[in-house]
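Chemist: Taken in sequence, the protein lines are chains A and E.
With positions in the first sequence counted from 1, the corresponding number in my numbering is that position plus 942.
With positions in the second sequence counted from 1, the corresponding number in my numbering is that position plus 942.
What the hints contain is simulated information worked out from the structure, not anything from laboratory work.
From a predicted model like this one, the values you see are computed outputs, not experimental measurements.
Check the hints yourself; a few may be wrong.
Since copy identity is lost for identical chains, a pair holds within one copy or between any two.
To be verified - In the SDA-like style, the derived pairs of lysine to any residue whose C-alpha atoms are separated by at most 20 Å in a straight line are:
1) 955 / 1139
2) 955 / 1136
3) 955 / 1130
Protein chains: 2
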Amino acid sequence: MRTIIPFDIADPKTRLAPILTPDERCWFARMMLSDVIHHLREAGIEPEVLATEPVDCDPPVTVDDRSLDTAVNDVLARTNGPVAVVMADLALVTSTAFEQLFSPDAEVVLAPGRSGGTNALIARHPDFRVNYHGASIRDHRRNARELTNNVAEVDSFRLATDVDEPADLVEVLLHTSGDAATWLRQRGFELAATDSRVRVERDSNENSHGPETTPRRS
Amino acid sequence: MRTIIPFDIADPKTRLAPILTPDERCWFARMMLSDVIHHLREAGIEPEVLATEPVDCDPPVTVDDRSLDTAVNDVLARTNGPVAVVMADLALVTSTAFEQLFSPDAEVVLAPGRSGGTNALIARHPDFRVNYHGASIRDHRRNARELTNNVAEVDSFRLATDVDEPADLVEVLLHTSGDAATWLRQRGFELAATDSRVRVERDSNENSHGPETTPRRS
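Pulled out of the complex, with its shape left as it was, chain A reads as follows (with noise of 0.2 Å):
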């Protein structure tokens, strides 16, 4: 199946300016990409990256600089046949809760993610546009009941977690040992248990602008 993962290139990552770099949010963003390369590889899928400029990574780029809603919309409709479209930054993902997503033989299937986005997709259906705007999934449920009764929804904790804030890292750090895990380990950041929260810090002896590590898989 036609499988795209949009990545946009410039200033990612921003809600975590607090804690990163700008230069770190890129490399950051890298490995988060490199983890869903690798394990839409083990479920059997070879992506394409969709990217708002050229990118250097193994799978084919496609670049369109254009709004993530227009050059998703774009794929949708030149398409002839199904395409999964798969959020870039699915750190805590494994190549079982892909298997999930594609499990289902809806027209379209929807993965839902924290705070009302859509993390992952198959459209099947061949009139099915996305809008990634506010409470997306919200807006993709109707979308695709407006097409069809055959829509799916997958239940999936790996699935549902992007990395955009602070405390996102957390769930990195306590769930996955991939290359943005691994890349947040060498840059110092490490869990912080108090009795009721769990919080990421950073051992301030860790060089910020130390070498970059090359994600190891894409």
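Chain A is fixed; fit chain E onto it per the hints.
Modeler: Showing chain E alone in chain A's frame:
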């Protein structure tokens, strides 16, 4: 399988204090408990409530005013056979998610919650004990693996989403129409989506001290 739902009566859901009165927090906690009981029963499980004080609900109630860990571990120690422990604030849960929890035939089954919690677990190994403080999922993984190689984890957004903070009400309103969601809507809460974020707003015309809703289902 013996399935217990710990339920703290006194001053529940303190992190919702910015938007719910103490009395409302008690009612909202009760509505979420009702949803959890309902969906366990739909999955063929008759639960028990393990409460800090007497509570009027349909399942059998055991009162134990000791700490959560002490009370749950006492049940684990006294029970000859498997025990499931399910948190009371899983407002998004469905019978399908519970069926997923109960399906692995492992000695310990863990369902991670967001931010390092453990929202549901099954202990078939007689020596497994809980410790819900801090990053409990990390401790429970370690405890389980010290006892057995037969440990399973359940990947479910609905089991992972406990409701603690005002932002969590977004998930309740987006993904369920159970007692908790109905109660919130009746109290004037609704989704407000901007382009980038989704939040809950409360209609100030709703009377925040009006008649309470009775749980429909337990």
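Chemist: State for each hint whether it applies.
Modeler: So, going through the hints one by one against the coordinates:
{"no.": "1", "hint": "955 / 1139", "verdict": "between (24 Å within a copy, 14 Å between copies)"}
{"no.": "2", "hint": "955 / 1136", "verdict": "between (27 Å within a copy, 18 Å between copies)"}
{"no.": "3", "hint": "955 / 1130", "verdict": "within (19 Å within a copy, 33 Å between copies)"}
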